[in-house]
Structures are given as C-alpha cells and as structure tokens.
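Student: For the first sequence, the numbering used here gives the first residue as 248, with consecutive numbering after it.
Simulated from the structure, these hints should not be mistaken for laboratory data.
One thing to keep in mind: the hints can contain errors.
[Stated by the list, open to error] Keeping only pairs whose Cα atoms sit at most 25 Å apart, straight-line, the calculated SDA-like set for lysine to any residue is:
| hint | residue 1 | residue 2 |
| --- | --- | --- |
| 1 | K298 | D308 |
| 2 | K444 | G672 |
| 3 | K615 | L586 |
| 4 | K717 | E648 |
| 5 | K560 | E547 |
| 6 | K420 | N499 |
| 7 | K291 | E636 |
| 8 | K673 | C702 |
| 9 | K291 | K444 |
| 10 | K673 | D449 |
| 11 | K523 | W290 |
| 12 | K435 | V624 |
| 13 | K392 | N682 |
| 14 | K548 | D583 |
| 15 | K640 | F259 |
| 16 | K379 | G495 |
| 17 | K298 | P287 |
| 18 | K562 | R632 |
| 19 | K444 | V704 |
| 20 | K616 | E594 |
| 21 | K673 | Q471 |
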Amino acid sequence: MPETKYKKTEDFNEWYNEIVELADLCDKRYPIKGMNVWRPYGWKLMSHVDKLTRDEMIKTDHQEVYFPLLIPESSFKKEEEHIEGFGSEVYWVTHAGLNKLEERWLLRPTSETAMYPMFSLWIRSHTDLPLKTYQIVNTFRYETKQTRAFIRVREIHFFEAHTCHVDFKDAEKQIKEDKDIAGRLFQKLCLPFILSKRPDWDKFAGAFYTISIDVLMPSGRTLQLGSIHQYRDNFAKPYEISYEAEDGKHKNCHQTTYGMSERILGALIGVHGDNKGLVMPPEVAPTQVVIIPIIFKGKEKTVLDSCDTLYEKLKNNGIRVHVDKRDITPGNKYYDWELKGVPLRIEIGPRDVEKKEIVLVRRDISEKKSVSLKSCVKIIKEEFRSISEDLYKNAEKFLKENMHRVKTVEEAKGLKGIIELPWCGKEDCAMEIENILEGNTLGEPIEHVECKNVCPVCGKPSKTWMRYAKTY
RNA sequence: GGGCCCGUAGGGUAGCUUGGUCGAUCCUUUUAGCUUUGGGAGCUAGAGACUCCAGUUCAAAUCUGGGCGGGCCCA
248 MPETKYKKTE
258 DFNEWYNEIV
268 ELADLCDKRY
278 PIKGMNVWRP
288 YGWKLMSHVD
298 KLTRDEMIKT
308 DHQEVYFPLL
318 IPESSFKKEE
328 EHIEGFGSEV
338 YWVTHAGLNK
348 LEERWLLRPT
358 SETAMYPMFS
368 LWIRSHTDLP
378 LKTYQIVNTF
388 RYETKQTRAF
398 IRVREIHFFE
408 AHTCHVDFKD
418 AEKQIKEDKD
428 IAGRLFQKLC
438 LPFILSKRPD
448 WDKFAGAFYT
458 ISIDVLMPSG
468 RTLQLGSIHQ
478 YRDNFAKPYE
488 ISYEAEDGKH
498 KNCHQTTYGM
508 SERILGALIG
518 VHGDNKGLVM
528 PPEVAPTQVV
538 IIPIIFKGKE
548 KTVLDSCDTL
558 YEKLKNNGIR
568 VHVDKRDITP
578 GNKYYDWELK
588 GVPLRIEIGP
598 RDVEKKEIVL
608 VRRDISEKKS
618 VSLKSCVKII
628 KEEFRSISED
638 LYKNAEKFLK
648 ENMHRVKTVE
658 EAKGLKGIIE
668 LPWCGKEDCA
678 MEIENILEGN
688 TLGEPIEHVE
698 CKNVCPVCGK
708 PSKTWMRYAK
718 TY
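Just need the whole structure built from these sequences, with the hints factored in.
Tutor: Structure below.
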C-alpha cells in the first residue's frame with residue numbers, strides 16, 4: 248500500500264508539506280516568500296469553505312461588500328493601538344508610476360481602517376443600525392517568521408465581518424450570534440474547537456476584548472482559525488461613527504468583528520488527513536462521489552453507459568459527482584482520488600452491471616461494500632452523515648485526550664496539547680508559565696469554569712484558568 | 001536585528017571535498033504508438049536540468065566574488 252513518504256503521526260510538519268504539494272492545493276514556487284499560488288483543487292476547496300461561510304452570513308442578515316485593497320496612511324493612523332499592533336507588518340505603496348506619492352498607501356492587513364471612515368458616512372440614524380457587513384478578500388501581512396502553506400502566509404485569503412450597533416448590549420448579542428455561527432460552520436467542517444478569551448496583552452490591537460477560535464492539530468500545537476472581537480466604541484470614537492438616537496442625542500456606535508482565514512483549509516488537511524492524503528468532510532468536498540468505470544475489452548459500452556446513468560441520477564439528487572473516464576488503470580485512479588480526499592468512491596464493472604449493483608468505498612475507513620443500484624442514493628446520503636459524524640468524533644476524541652486541567656507547573660511539564668492552569672490574573676505569572684512550558688497563552692475559557700485553586704507561580708488565590716499551548 | 005545553510009529536467013536525486021572520464025546518474029514526470037484495465041501494468045521510440053552575472057583556468061556543475069531566490073536557528 249503506497250503511502251506518503253512522511254507519516255502523519257511521526258513527522259507531522261513534513262507530512263503536511265508533502266500533502267499540500269501532492270494534492271495540488273498550492274504551488275509554493277512563486278518567487279515571493281509566503282505568497283503561494285492557489286492551484287485549481289486548492290482554490291475549489293477554499294471556495295466551498297467560503298460558500299459555507301456565505302450561507303451563514305446570509306442566514307444571519309449580513310450584507311456582502313467589497314472595499315478597496317489600498318488604504319491611505321491618514322485613515323490607518325486614526326486609532327493608536329491599532330497602528331501599534333499592525334504598523335510593523337504592513338506593506339507600503341510609496342510610488343505611482345514615476346512619482347513619489349504625497350501620502351503613502353498601505354495594503355490592508357485587515358479592513359477596519361478602510362471601512363470605518365465610510366461607515367461614518369453611511370450611518371446617520373439609529374434606524375441604520377445594526378449595520379452588518381462582511382467581505383471575503385485578500386489581506387497582506389509582512390510575516391518575518393517561517394511561512395507555511397495556508398497556516399502562515401503573507402497574502403491571506405480572509406473573511407471579515409464588521410458590524411455596528413446602537414450600544415454595547417446590542418454588540419454583545421452579535422458576539423453571541425458569532426459564536427453560534429462558528430458552532431454551525433465548524434460542525435459542518437467536522438472541526439471541534441475551543442473558545443478562549445484572550446488576555447488583555449494579547450487581544451486584537453484596538454479591541455475591548457478578543458475571543459479566539461482554536462483547533463488542536465495532530466502535532467499538539469494549536470491553530471487559531473478565527474477571532475471574534477468586541478470593540479465597544481474604541482474605533483467609533485476616532486472614526487466618528489455615530490448616530491442620532493430616538494431622543495435626538497448623538498451617540499457612538501459599538502462595533503464587533505469576526506474574522507477567519509484560509510487556515511481553515513490548513514486545519515481540514517491536518518486534522519482529517521492520513522497517510523494516503525486528504526480526507527474531506529462531505530459538506531466541503533468539491534467532489535463528493537467519484538465513479539470509476541472498470542472497463543474490460545468488449546464490455547466498454549455497457550459499463551460506461553451504467554456510469555453515465557448513475558451520474559445523472561446522483562446529480563439530480565444534489566450530489567456532487569464525477570465520472571473518471573481517463574485512460575489510466577483503475578488502481579491509478581483510486582490513489583489519485585484518495586489523495587484528493589473524495590469521501591466516497593463507486594466502482595462499476597461488468598459484474599456489477601449484471602447484478603444491478605455498485606461497489607461503494609469509504610475514503611476515511613476504506614470500507615468496501617456492494618449496494619443495489621435501486622437504493623444507492625439513500626445509502627450514499629446516509630454514508631455522508633456517518634462519515635461526517637466519524638470525522639467529528641475522532642477529532643473530538645483527540646482534542647479531549649489532549650486537554651489537561653492541572654494545578655501545578657510540575658504536573659503540566661511534559662504534557663502535550665492544551666494545558667489549563669489556575670491563574671491569578673497577573674501578566675507576569677502567565678509569562679513565567681509561558682517560559683517554563685515553552686508555549687503561549689491562549690486565554691481563559693469563555694464559559695465560567697469554577698476554580699478554587701492558587702496561582703502556581705505567586706500562590707495567590709485564582710478564580711479562573713488560563714490555557715497554554717504551543718501554537719502555530 | 002544577529003548567525004548558519006542551500007540552489008542540477010515539472011518533482012525527488014547522484015556527481016562538487018581532490019576542476020578534465022559529464023556528450024551529467026537514477027527514480028518519477030511527460031509525448032506518440034501498440035497493448036492493457038476489479039489497487040500505481042508492459043513494450044518501442046522520443047522530450048526534459050547544472051539559478052544569474054563576473055572572475056580564476058588550457059579546461060568550471062565542481063574553485064572565488066556578487067546578485068536573485070529558498071530554508072533553518074537565535075533575539
């Protein structure tokens with residue numbers, strides 16, 4: 248059984264690089280570091296993820312917009328903390344043609360500073376609120392650390408929802424909605440995640456608070472897939488986003504954002520993949536079922552005709568299906584589609600045509616069974632559900648096994664994955680633990696978790712837990 | 001910001017230390033034809049590379065310098 252050169256469980260990082268190339272997701276040979284070319288299959292996958300995101304946005308009354316890539320320096324500079332956070336990692340446009348620009352422009356690292364001057368023009372009255380927008384665009388950050396396909400890049404495929412509300416309370420409702428959206432979306436992607444409230448020193452530049460969405464990769468490192476920010480009126484003040492309330496008074500808006508990126512694809516690859524390649528959850532798989540004709544000399548037509556008939560039948564039942572008629576051996580095709588992570592494979596040969604059956608093979612567990620043509624649509628849909636359930640359960644099991652709640656640093660040492668330790672609330676103590684565990688703070692659990700212990704560093708009573716992990 | 005390493009067909013490699021035997025190795029890829037197809041088939045004939053510039057030399061993939069590109073480690 249041919250498999251990847253590097254094994255997922257032995258050398259995850261090398262395995263990941265190998266898979267990304269083999270499965271034709273992206274081409275890292277583009278001559279700028281961290282700017283990779285999306286190849287057709289990778290882009291298709293990303294588009295399907297984006298579609299699921301769009302579906303959620305439509306369901307929750309968000310409007311899609313598109314803002315320009317370039318932002319004038321003066322707009323960018325209005326919120327002080329924000330510049331501090333992003334200043335060192337933006338790309339600047341300083342020249343146009345032969346002329347030096349009077350005012351520099353920057354490539355958006357995120358779009359607050361592009362959008363908010365416009366929001367200030369759009370919003371006049373409380374009846375304009377809430378304003379719920381989103382866009383799916385590319386953003387640019389000058390990463391100096393090591394880059395990694397889909398995980399740390401300089402041109403980022405980015406989803407960002409930006410909302411404006413009458414007050415803090417209404418913005419909090421939005422945060423709640425965002426958590427629900429994440430719940431539904433990542434369920435479809437079969438990716439269990441944890442939500443953590445980031446510590447103050449690590450929140451998004453300019454935010455009132457930040458909630459991060461993290462998944463655990465098989466390497467034991469966490470990967471942040473998204474973040475939800477409560478801005479309060481931190482941006483509304485400098486950008487003058489205000490409205491006239493019912494009582495005639497002018498008030499600042501309260502804002503939130505919700506961001507995710509192509510890292511989702513990194514997580515799909517890492518969490519579900521195996522030594523044969525990708526394993527795509529049926530919800531995002533660009534091809535959900537591939538039909539492989541098993542052709543024997545003299546029986547080409549009957550086999551191909553049954554394949555075509557089945558193709559039409561599945562297509563009409565809303566299944567994304569493909570018939571692979573390439574002139575290569577069936578085995579070759581199996582390997583190819585396994586690499587691409589297609590959830591179900593159907594084999595049809597002369598024997599099957601005769602018996603009015605098909606052979607159905609599951610990608611995730613390699614289970615093979617014969618199914619009657621008559622009942623195949625129903626069975627395929629059941630298999631989709633079952634595959635999704637299994638993928639989610641396996642990932643959840645791994646996450647649970649690698650989350651440790653302990654009371655002392657001694658117990659924490661040597662544990663893999665996510666570690667929760669009592670925390671007194673002081674930055675110094677968390678930093679100390681970061682150093683000892685050689686990891687990063689993820690934040691506190693967002694749901695209240697009882698903690699009656701003492702801080703393992705300073706010994707003071709701790710009411711909450713702090714999560715630590717090695718991160719990407 | 002500081003340090004280290006690397007660059008040979010589309011991908012992976014051998015050759016470099018000690019310049020000549022390189023008209024550059026092997027696997028994969030790829031084109032045409034025949035043949036085959038229930039887990040990467042076979043045969044025949046083809047295609048495809050020394051990162052760029054300068055230097056040393058009778059002679060450079062191999063040595064020197066620089067450019068471009070890539071990777072790693074430390075802060």
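Student: Looking back at the numbered hints, which does the structure fail to meet, lowest number first?
Tutor: 9
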